[in-house]
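> What follows is each chain in one-letter form.
There are 2 protein chains.
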Amino acid sequence: MTKVFDQPDEFATTALAGFCAANANRVAAVPHGAVRAAPGAQGKVALLVGGGSGHYPAFLGYVGAGLADAAVAGDVFASPSTAWIHGVARAANRGGGVIMGFGNYAGDVLNFGAAAERLRSEGIDARILAVTDDVASAGRDEVSKRRGVAGDLLVFKVAGAAAEAGLDIDAVMEVAERANLASVSFGMAFDGCTLPGKTAPLFTVEDDHVALGLGIHGEPGIRTERLVPARDLAGMLLAPLLAERPEGHEGRVAVVLNGLGRTKYEELFVLWHHLTGMLAKAGLTAVDPEVGEFVTSLDMEGCSLSLMWLDDQLEEYWRAPADAPAFRKGTVAKAAGGSEAAPTVTEAVAEVLPGSAESQEVGACISAIMDKLAAVLSEAEEELGLIDAQAGDGDHGQGMARGSAAAAAAGRDAVKAGAGAATVLCLAGDAWADRAGGTSGALWGVLLRAWGQVLGDQERPSPQIVAAGAQAALDAVVRLGGAKLGDKTLVDALVPFVQTLTAETAAGTSLPEAWSKAAAAATAAAEATAQMTPRLGRARPLAERSLGHCDAGAVSMALSARSVADELKTKA
Amino acid sequence: MTKVFDQPDEFATTALAGFCAANANRVAAVPHGAVRAAPGAQGKVALLVGGGSGHYPAFLGYVGAGLADAAVAGDVFASPSTAWIHGVARAANRGGGVIMGFGNYAGDVLNFGAAAERLRSEGIDARILAVTDDVASAGRDEVSKRRGVAGDLLVFKVAGAAAEAGLDIDAVMEVAERANLASVSFGMAFDGCTLPGKTAPLFTVEDDHVALGLGIHGEPGIRTERLVPARDLAGMLLAPLLAERPEGHEGRVAVVLNGLGRTKYEELFVLWHHLTGMLAKAGLTAVDPEVGEFVTSLDMEGCSLSLMWLDDQLEEYWRAPADAPAFRKGTVAKAAGGSEAAPTVTEAVAEVLPGSAESQEVGACISAIMDKLAAVLSEAEEELGLIDAQAGDGDHGQGMARGSAAAAAAGRDAVKAGAGAATVLCLAGDAWADRAGGTSGALWGVLLRAWGQVLGDQERPSPQIVAAGAQAALDAVVRLGGAKLGDKTLVDALVPFVQTLTAETAAGTSLPEAWSKAAAAATAAAEATAQMTPRLGRARPLAERSLGHCDAGAVSMALSARSVADELKTKA
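As you go down the protein sequences, you meet chains G and C in turn. When we follow the UniProt record's numbering, the leftmost residue of the first sequence carries the number 1, and every step to the right adds one. When we follow the UniProt record's numbering, the leftmost residue of the second sequence carries the number 1, and every step to the right adds one.
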């Protein structure tokens with residue numbers, strides 16, 4: 001288990017600081033991540049990689065010539081926030097656009113996606129590259145649903161080499177996506193890992209058993225079998241990958257045999273001894289195989305095998321030189337790097353451009369609404385936590401309370417700095433996403449920012465513009481979050497809210513009235529996510545409640561809409 | 001625990017094969033080890049490193065330009081045999097002599113020492129470099145008794161760079177020994193590791209505790225304390241090393257923060273974050289610090305900190321480029337390596353030069369004696385095991401039976417090939433060391449080889465020459481094994497044996513008679529190692545025996561001497 005830490009919630013940031021200190025000649029620290037100490041050539045495509053901490057060498061260990069330009073590190077096994085990604089991406093940008101590579105997990109998809117949108121809105125061409133190599137997590141017909149595991153290294157290596165070679169962003173994306181589609185992995189675990197500060201492992205595997213197809217955070221696998229000799233384990237790793245061999249593929253493969261933390265080098269070499277024979281028998285030629293620890297999961301006991309079906313270009317980029325703290329290959333030409341020093345980046349302090357007098361007034365009103373919202377969500381924290389605990393991990397109330405409080409504070413600061421409506425909402429959204437953590441925090445950040453951008457910092461928005469903002473917010477949430485109506489998420493409450501608000505404002509209803517009706521529609525929809533009727537916004541003893549299967553995200557969305565309606569009526 | 005293996009006793013050899021296969025572009029496999037795929041320059045000093053398996057990257061991962069020329073791998077946590085070391089050293093030799101670096105453990109000292117003697121007898125200048133960095137294992141006044149742990153990397157790196165720079169063997173040894181004296185380490189463990197095939201760890205640490213100063217195989221530490229935050233752990237690692245700071249040292253240090261297997265990278269980076277501040281506060285400057293896994297112990301949970309107090313030359317060699325599978329630094333100039341291919345080495349088949357007719361007769365007689373000896377030791381296997389189990393791990397009987405049987409077989413083969421006395425004894429000794437394993441096996445190999453070399457392959461040896469051989473055997477055992485009279489080892493029986501044999505043969509007693517008296521002296525001495533009188537060579541029910549504290553090595557030595565005496569009388 002993880003034994004070396006101070007406060008558990010400082011573990012990831014302290015580790016990042018230590019990594020940067022230990023590799024001070026290779027990387028430069030930036031807030032929440034690291035960039036190359038010797039930046040790549042001006043105009044090159046920048047590759048930013050990242051995800052949760054606890055997977056070293058992924059992702060920080062891959063920052064260097066021929067591989068990544070930067071890495072951003074979230075908390076342990078948690079996506080970095082949108083703002084963190086955005087900040088590191090800006091530091092990494094060399095003028096050729098930024099490709100953001102990460103393993104395909106919901107939180108990462110959301111935050112990297114949101115950061116990409118924000119970068120594009122600032123004129124930086126940003127693309128996302130979600131690695132989907134884990135064959136155990138979805139079938140061949142649903143490749144885009146597959147998780148990203150140790151295939152990260154294969155895909156990042158190709159993307160990094162292509163970027164270093166000077167390809168433009170479209171060309172790098174093309175080869176990187178080809179590398180991703182050509183990469184397959186299968187993993188097994190013998191025992192779980194333990195998060196800093198926890199006393200029990202995230203998951204366990206029965207003694208003398210092996211869990212096949214397990215995800216790197218302990219996500220469910222395919223099946224559990226009795227432990228067998230190494231030769232048979234090697235066969236178990238390889239078989240699911242051979243089944244994915246593209247028709248007619250000639251057989252040259254890049255290979256990564258990866259230890260997850262506690263399955264050590266000698267064990268991996270024993271597996272590799274058996275795999276060499278099995279690969280040859282299958283007509284495969286391993287090109288520059290890598291055997292070691294590349295994507296770990298703290299002290300998880302287990303390993304994974306990854307193959308990339310090579311074509312000439314993929315092979316060229318897989319074999320190209322690289323020089324990062326945890327991955328070196330060949331000799332990197334000095335000329336590949338730029339000559340200037342790494343950027344000195346400090347935590348971004350939002351620059352507030354004053355809005356018009358009219359919009360400042362609206363901003364102040366929004367700020368007051370955020371205060372009310374925060375108060376309501378704080379009061380409902382326990383209730384929301386209990387609802388969430390029925391189906392999730394029970395932290396929804398805490399996240400909403402923390403996020404809304406941060407958003408309210410950011411809104412007040414923005415108002416003091418003379419911000420208009422858009423800026424107040426955008427900064428409130430950023431603060432929410434940053435402090436709330438988790439998927440819902442990121443979605444609320446996206447929601448407020450998208451809404452704000454429609455309002456602008458100049459005009460007093462009409463009710464129709466407010467409704468248009470709501471639609472933009474919904475669109476952004478759906479686009480980045482991926483949930484549809486009926487998935488039992490906040491979308492279920494947000495869709496009827498936006499529909500009602502749009503219809504009512506279009507019909508000339510006043511904003512307070514229209515909002516009130518929209519909030520009622522959201523409440524009904526949130527209640528409908530439950531089998532029984534919840535009593536929204538009222539903390540009651542657990543025994544009296546029947547909130548069983550209500551979705552906490554929809555409930556908090558409806559609750560928020562109602563609190564705003566109340567506030568709008570007061571103001572009207 | 002170690003989960004990936006086939007047969008436990010195949011683990012180390014299979015891992016070696018897998019390592020060589022995975023790194024086929026960097027190393028070439030030789031029996032029981034690996035050499036550089038691109039050998040170093042002709043005439044350079046070769047650095048051979050090695051020890052037990054289970055410590056990767058030590059030792060195989062360090063074979064490459066600027067570091068080691070070769071590595072030899074023993075069984076898990078067990079010294080490679082003399083013959084294995086000898087074979088790999090011959091493959092590594094580039095004409096400039098061979099330096100053999102290893103951690104200071106009894107078995108390694110013995111086997112590397114014996115191999116060095118054998119190489120020197122073949123005209124190869126061979127030196128041993130026992131790393132003694134672990135401050136927890138002995139005081140500053142007994143530095144030579146300290147164990148070798150992760151300081152291996154510091155010392156090997158300096159030695160490797162000095163050898164690559166073209167220094168001659170004396171100069172490389174001088175700087176390597178200086179590096180060793182300048183290197184200090186301190187380790188801590190949170191939990192033990194489990195050998196392949198075993199179900200219980202080698203040792204355990206109480207939950208929520210940390211064992212300070214523990215050796216890498218679980219050798220006792222200094223004390224156990226309650227687990228504390230990372231900052232305090234960092235202080236515990238550093239304090240014992242600061243106490244070793246050489247007077248007046250200016251403060252530039254090479255640093256290795258090493259994970260033992262299950263304490264993972266992020267935890268090490270957290271420690272490093274704290275250590276940077278502490279080092280600075282102590283007025284120390286970390287030069288090219290290394291944070292990661294360098295000398296592991298299977299899946300042991302723990303870590304160690306190593307410092308090398310730098311002078312200009314040590315710093316130059318520490319910072320010099322290197323390119324090995326598990327350690328790269330800077331850029332190695334192509335010119336550093338030779339251009340020829342790695343040697344193709346197969347398992348050494350002893351070449352038997354026929355002895356004189358007279359000596360062949362003596363050889364046949366020796367072979368018959370070895371047969372008798374093997375039969376007696378086989379019969380006594382259980383008895384010797386029971387004696388050994390009183391104080392050791394109970395495997396002495398097995399080792400002696402296996403070793404003597406192999407020696408007898410090798411002796412017969414040698415006789416068939418026309419070997420004289422010396423060759424029969426040398427080959428029998430090599431076979432004994434190879435098959436018996438353990439310290440006593442290695443010592444018996446040394447003993448027979450040293451004895452044989454005095455007899456020669458030409459003359460019929462006089463009783464005085466036989467006694468001189470016995471003296472040479474004793475000298476070699478003491479020189480390489482390090483035991484003195486009274487240490488309760490086979491030396492306790494061998495010393496009176498040699499004294500009596502020497503005195504009696506000098507006085508003109510016939511060899512059978514002299515030997516018989518010498519064997520009686522050995523028996524009395526062996527019995528004296530016990531508090532009560534053992535009954536040598538007779539298997540009896542445990543309840544009847546009173547072998548309590550008799551030394552098994554002395555008993556088997558005396559038993560062997562008696563069996564030879566019987567055989568000599570029969571022949572006479």
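Hint data in this document are derived by calculation from the structure and do not stem from the laboratory. These figures come from a predicted structure and were not determined experimentally. Any given hint might turn out to be false.
Claimed, not checked - As a list, the in silico SDA-like pairs of lysine to any residue whose alpha-carbon atoms are at most 20 angstroms apart: (1) G:Lys329 to C:Gly482; (2) C:Lys329 to G:Thr331; (3) C:Lys329 to G:Pro229; (4) G:Lys329 to C:Asn25; (5) C:Lys198 to G:Thr331; (6) C:Lys329 to G:Lys198; (7) G:Lys329 to C:Lys198; (8) G:Lys198 to C:Ala38; (9) G:Lys329 to C:Ala38; (10) C:Lys329 to G:Val332.
Stated by the list, open to error - Chain C stretches covered by chain G per the calculated footprint, using a threshold of three residues with CB under 8 angstroms from any CB of chain G: (11) 49-60; (12) 143-150; (13) 415-428.
C-beta: ideal position from N, C-alpha, C; glycine also.
> Next step is simple, just say for each hint if it's right about the structure.
These are the hints, each one checked on the structure:
Straight-line distance between C-alpha atoms of Lys329 of chain G and Gly482 of chain C comes to about 45 angstroms, which puts the hinted pair past the 20 angstroms bound. Restraint check for Lys329 of chain C and Thr331 of chain G: the C-alpha separation of about 11 angstroms stays at or below 20 angstroms, so the hint holds. Among the hinted pairs, Lys329 of chain C with Pro229 of chain G is inconsistent with the structure: their alpha-carbon atoms are about 37 angstroms apart, more than 20 angstroms. Distance check on the hinted pair: Lys329 of chain G and Asn25 of chain C sit about 12 angstroms apart at the alpha-carbon level, within 20 angstroms; holds.
With a C-alpha separation of about 43 angstroms, the suggested pair Lys198 of chain C and Thr331 of chain G falls outside the 20 angstroms cut-off, and the hint is violated. With a CA separation close to 37 angstroms, the supplied pair Lys329 of chain C and Lys198 of chain G exceeds the 20 angstroms bound. Distance restraint check for Lys329 of chain G and Lys198 of chain C: the Cα-Cα separation of roughly 37 angstroms exceeds the 20 angstroms cut-off, and the hinted pair is therefore not satisfied. For the hint pairing Lys198 of chain G with Ala38 of chain C, the CA-to-CA distance comes to about 48 angstroms; that exceeds 20 angstroms, so the pair is violated.
The hinted pair formed by Lys329 of chain G and Ala38 of chain C meets the criterion: a straight-line CA distance of about 16 angstroms does not exceed 20 angstroms. The hinted pair formed by Lys329 of chain C and Val332 of chain G meets the criterion: a straight-line CA distance of about 12 angstroms does not exceed 20 angstroms. Only residues whose C-beta sits within less than 8 angstroms of a C-beta in chain G count toward coverage, and the region 49-60 of chain C has 4 of them, enough to reach three; the restraint holds. Coverage of a stretch by a chain is defined here by at least three residues with a beta carbon nearer than 8 angstroms to that chain's beta carbons; for the region 143-150 of chain C and chain G the count is 0, and the condition is violated.
Counting residues of the region 415-428 of chain C whose CB lies closer than 8 angstroms to any CB of chain G gives 0, so the stated coverage by that chain is violated, three being the minimum.
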